[in-house]
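**Student:** Each chain, letter by letter, is given below.
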Amino acid sequence: AQKVTQAQTEISVVEKEDVTLDCVYETRDTTYYLFWYKQPPSGELVFLIRRNSFDEQNEISGRYSWNFQKSTSSFNFTITASQVVDSAVYFCALSGDQYSGGGADGLTFGKGTHLIIQP
Amino acid sequence: SQTIHQWPATLVQPVGSPLSLECTVEGTSNPNLYWYRQAAGRGLQLLFYSVGIGQISSEVPQNLSASRPQDRQFILSSKKLLLSDSGFYLCAWSSQGARYIQYFGAGTRLSVL
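Residue numbers (this note's numbering), protein chains in the order written: chain A, 1 to 119; chain B, 1001 to 1113.
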């Protein structure tokens, strides 16, 4: 069975601070995919990034960066110089490789981290 | 470009009434389609997924059912709603395969009273 743990239920920081959202996952699949989604107050999930299990290279996109460490089964998300518009619930998710018997094609989500950026 | 439509946006239904939520995708063919539910303060739970017309897989036994009458149409139904069916329902689509990104609709907020 797959599992995604986001231990931080809620984080509150002041604007311009850096903040890291933690994600730890469990899977028996040798090939798998990790995702981060943002859910603003409107409710729609917005895709941020996908990483496959063979690519441990960290990625940076503007103020966003992701640190994938297979050794610790973690895929953490850092926002640099946070802004009020970053306030949202952030979800980490996992998908196994359907060809390795990983089960459904659906995503296994963590419970989300509610990020509050105060002005 | 591809778009996903989900309606209604908000729904208030009495216990015991039927339910029908609809989701359609434009700009792609033969997508994987998904229904998720998000209960208050919890993550998203996969309810159903479909890899083709008439092909439905259920992840969680429950009071709900899904159907895919057309390639890009996915319907979530219930004959009799329960209080526990309240939540935020999200439809999503992806290209075939676990490696592909899932794109979500705007969601339906269902309150069963």
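Hints in this document: simulated from the structure, not taken from any laboratory. If you're wondering where the values come from, they're calculated on a predicted model, not measured in any experiment. Be aware that a few hints might be false.
Which stretches of chain A does chain B cover? Using the computed rule of at least three CB atoms under 8 Å from a CB of chain B, they are [claimed, not checked]:
#1 67 to 75
#2 108 to 117
List time: in silico DMTMM-like cross-link candidates among lysine to aspartate or glutamate, alpha-carbon distance up to 20 Å [what the hints assert, rightly or not]:
#3 A/K3 - A/E17
#4 B/K1079 - B/E1026
#5 A/K3 - B/E1059
#6 A/K111 - B/E1059
#7 A/K111 - B/D1085
For each residue, glycine too, the CB sits at the ideal point set by N, CA and C.
**Student:** Would you mind marking each hint as holding or not holding in the structure?
**Tutor:** Hint by hint, here is what the structure shows:
Under the rule that three or more residues need a Cβ within less than 8 Å of chain B, the assignment of the region 67 to 75 of chain A is violated, with 0 such residues. Counting residues of the region 108 to 117 of chain A whose C-beta sits closer than 8 Å to any C-beta of chain B gives 5, which meets the bar of three, so the coverage hint holds. At most 20 Å may separate the alpha-carbon atoms for a hinted pair to count; A/K3 and A/E17 exceed this at roughly 30 Å. Proposed proximity of B/K1079 and B/E1026 is contradicted: the alpha carbons are some 28 Å apart, above 20 Å.
For the given pair, A/K3 sits about 15 Å from B/E1059 by alpha-carbon distance, which is consistent with the 20 Å threshold. For the proposed pair A/K111 and B/E1059, the alpha carbon gap of about 18 Å is at most 20 Å, so the pair holds. For the given pair, A/K111 sits about 18 Å from B/D1085 by alpha-carbon distance, which is consistent with the 20 Å threshold.
The earlier numbered hints that this structure contradicts are 1, 3, 4.
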